[in-house]
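Visitor: Residue numbers (this note's numbering), protein chains in the order written: chain R, 1 to 239; chain V, 1 to 239; chain S, 1 to 239; chain X, 1 to 239.
Hints in this document: simulated from the structure, not taken from any laboratory. Take these hints with a grain of salt, some might be off.
Okay, derived cross-link-like pairs now, DSS-like style, lysine-lysine, Cα gap no bigger than 30 Å in a straight line [as the list claims (entries may be wrong)]:
no.	chain 1	residue 1	chain 2	residue 2
1	X	Lys74	X	Lys16
2	R	Lys20	R	Lys45
3	R	Lys85	S	Lys16
4	S	Lys150	X	Lys150
5	R	Lys150	X	Lys150
6	V	Lys74	X	Lys85
7	S	Lys227	V	Lys150
8	V	Lys106	X	Lys39
9	X	Lys221	X	Lys85
10	S	Lys16	S	Lys39
11	R	Lys20	R	Lys85
12	R	Lys85	R	Lys150
13	V	Lys45	V	Lys20
14	R	Lys39	X	Lys150
15	S	Lys227	V	Lys39
16	X	Lys150	X	Lys227
Each chain, letter by letter, is given below.
There are 4 protein chains.
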Amino acid sequence: MENIRVIIWNENIHEKKSEKIAAIYPNGIHGAIAEGLEKFGYNPKTVTLDMPECGLSDEILDNTDVLIWWGHLKHDAIPDEIAEKVKQRVLDGMGFIVLHASRLSKPFKLLMGTSCRAKWRENDETERIWIIEPGHPIARNLPEYIEIDKEETYGERTDIPAPDELIFISWFSGGEVCRSGCCYKRGLGKIFYFKPGHEEYPIYYRDDIRQVLANAVDWAKPSNGPKTTFGNVQPIEKI
Amino acid sequence: MENIRVIIWNENIHEKKSEKIAAIYPNGIHGAIAEGLEKFGYNPKTVTLDMPECGLSDEILDNTDVLIWWGHLKHDAIPDEIAEKVKQRVLDGMGFIVLHASRLSKPFKLLMGTSCRAKWRENDETERIWIIEPGHPIARNLPEYIEIDKEETYGERTDIPAPDELIFISWFSGGEVCRSGCCYKRGLGKIFYFKPGHEEYPIYYRDDIRQVLANAVDWAKPSNGPKTTFGNVQPIEKI
Amino acid sequence: MENIRVIIWNENIHEKKSEKIAAIYPNGIHGAIAEGLEKFGYNPKTVTLDMPECGLSDEILDNTDVLIWWGHLKHDAIPDEIAEKVKQRVLDGMGFIVLHASRLSKPFKLLMGTSCRAKWRENDETERIWIIEPGHPIARNLPEYIEIDKEETYGERTDIPAPDELIFISWFSGGEVCRSGCCYKRGLGKIFYFKPGHEEYPIYYRDDIRQVLANAVDWAKPSNGPKTTFGNVQPIEKI
Amino acid sequence: MENIRVIIWNENIHEKKSEKIAAIYPNGIHGAIAEGLEKFGYNPKTVTLDMPECGLSDEILDNTDVLIWWGHLKHDAIPDEIAEKVKQRVLDGMGFIVLHASRLSKPFKLLMGTSCRAKWRENDETERIWIIEPGHPIARNLPEYIEIDKEETYGERTDIPAPDELIFISWFSGGEVCRSGCCYKRGLGKIFYFKPGHEEYPIYYRDDIRQVLANAVDWAKPSNGPKTTFGNVQPIEKI
């Protein structure tokens, strides 16, 4: 796993603006996610919005196999060109793991083609994540469900394309459901949307959530399949 | 719609064994479903398990466009040959609407290839059915969600193939979720599994549930597509 | 069917620039498509790129149930705002039928999130369209395959998301295959990509191709499902 | 990879009945497949129809992670109980790779719920397998297409459920197409149907075909996801 090059991108605004969030994530949400992946043998790097080119320079993206994304307040701070570049890297084969409110990030919306909107509520409700496809690699080593005592509620209908594979469905104590683990293939790339991760709760320290993320990285890594030739082609000569 | 030939098959055991159920469904569950479809201009017929050939003779099936199925206690009373025949009619193009506990009926299990089992609980819990694909014809004229004050709870993971189209997901007050409106194409036939319908609650009198069933019949009707030729074939002469 | 408001949008460049194409389509490709739909009882209107707002004003789009699109040379002549508007109407429920080279049109690419590129060759090859889902409404009244003596070849891998429903696969005499009938649901809208339609061949006069388009319009029409509420919501009061 | 327990099941009839086939596969089709997997570091075992319990005893199946199946002439020689047992093991998580004419094997048909029939022709035609999902792990290290100079032709519509993931589509020189690489999840198990492998051609010696099989074994291996609890359950106590 060491040779899968994982980059964790975090907006890193809440952690700097709010003492409360900073206390929960003293090393940033990215730091907590990185720590979790290290326990599974990965060697991730982290970048943040305040870095040059929003932390998403060509040099960085050219050396990324799987990009994990956490954003919430500042989706618009990513210039369109950078969002397009991230989208293109996914189509070229980079794995893309999209967390929580990052469903509204520019690259994810560009890749989905829909608004990606949802119902939401910050109400300390319980989220219970039911594993719908236990045979999928992202379900590896998971229990039948993952219960999060307090989480932000997201509710359907969420405006996403039907996932190629629906892995998790969440139940919320306030009355909503949400497709909370969604796999997509776009171009050569694999995309996993994972719902949990509100900044006010220490979710990315949990072993089960970390297991999901480790599984997702392994699933989303590039497959070294054939690059596609496009455009005007002549008939293939029979061998 | 009058020319869509709908047959409603009902086991019709609860209604005869239990005064309580007979009081809820004095004309049988099949009668309540038929009444609902009539309001939408359909002209359905009903058959029951106690009829010759379980109500599923060749003559009946040969004149059926869409078969609606409600069974619970007596799945095994259907001989294997009849179950195979129903399966074959679906593959030949007959629509098949499978209600509630009929997920364990022989024809549905044969068509799915899985156990179709679920978690369940009779506990007077609330079921809230969220519409996940509001652009699908089965969502026609529905609200954003359908709330059933008291229903039997079904819970994931249910052992079904991932539906070709997932239309509804149900939330239950006791903590479960369920893929409760599932579309499948098998052979030339279209199959819709719809979760609600526990015999102890008067669900099939509801306007919203009747709208779902009317929509489903229209969606599941045969499409008059091409019959497939199988077996040894010669190359098609170029026109 | 008369009450389904169909708009056929055509770039209409080939027909004006080339005597050869004008001879094939004296009333434009849009005219031939409209004529075909009329035979099925539709009452379509046509618009072209050279009209104000590219023929896609709010007034027109507000009165469109299904938009059929044929473009090839001038995809970039559609301003981004209009492309975004078309995309948004699809998400709001408008059907969208995308023909041939229109796979590279701005609205389709925005909705798919991928490059939508393909291999292609203009070589007078035979295309044989195999019907993969004969139970789907778009296969209504079709034969097992549709053979087009001469068509432009498109080849896989085409860079599209896996369709929600794959209806046709085309075989080409030069050695390629193409997913040539692809259904997508995005937002409340239904999208059908249909491959045939190179301007140099009189394809849109064919009865079988017109049957496909008539079927597709019926399938893609809005379903009158629920509008989704997004954003911050409070828990639903139990009824 | 050594610890993935792979069993290759072969009918092994052609090899014993026909000198011609015996000359092509002196160690049996199973032997050629085994040899191919060994090159990728697997340590497969082989079983054949003439062994006790058709080579599919509980002891063997209990120690199988991925079962590869090649059958053609003697599908009916597998007793129903054994076919059901194989199906159940798949639902319990065993990977299942189904080759060529094994689409008509009992376990595959039970799992699919359809007839699995196809058009076919033994005519020395060329098969060109186009890779449709190059980002999928089964496409690892493959070229854009795999060309087989002479193969048996299979043609659509083949009577299978729409695959969860469609990886390959084959083109045949005689005019047919075939969905030739199809992924399914059923229960906890993963199933891959792969079309090539007519006994008269030395296909399982090819490096590219062996790459596909090695990829498929890795994809189909059990994921160690949660076992599902079914039946009557009580509400989960909130933690």
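Visitor: Report the numbers of all earlier hints that the structure fails to satisfy, in ascending order.
Guide: 3, 5, 8, 11, 12, 14, 16
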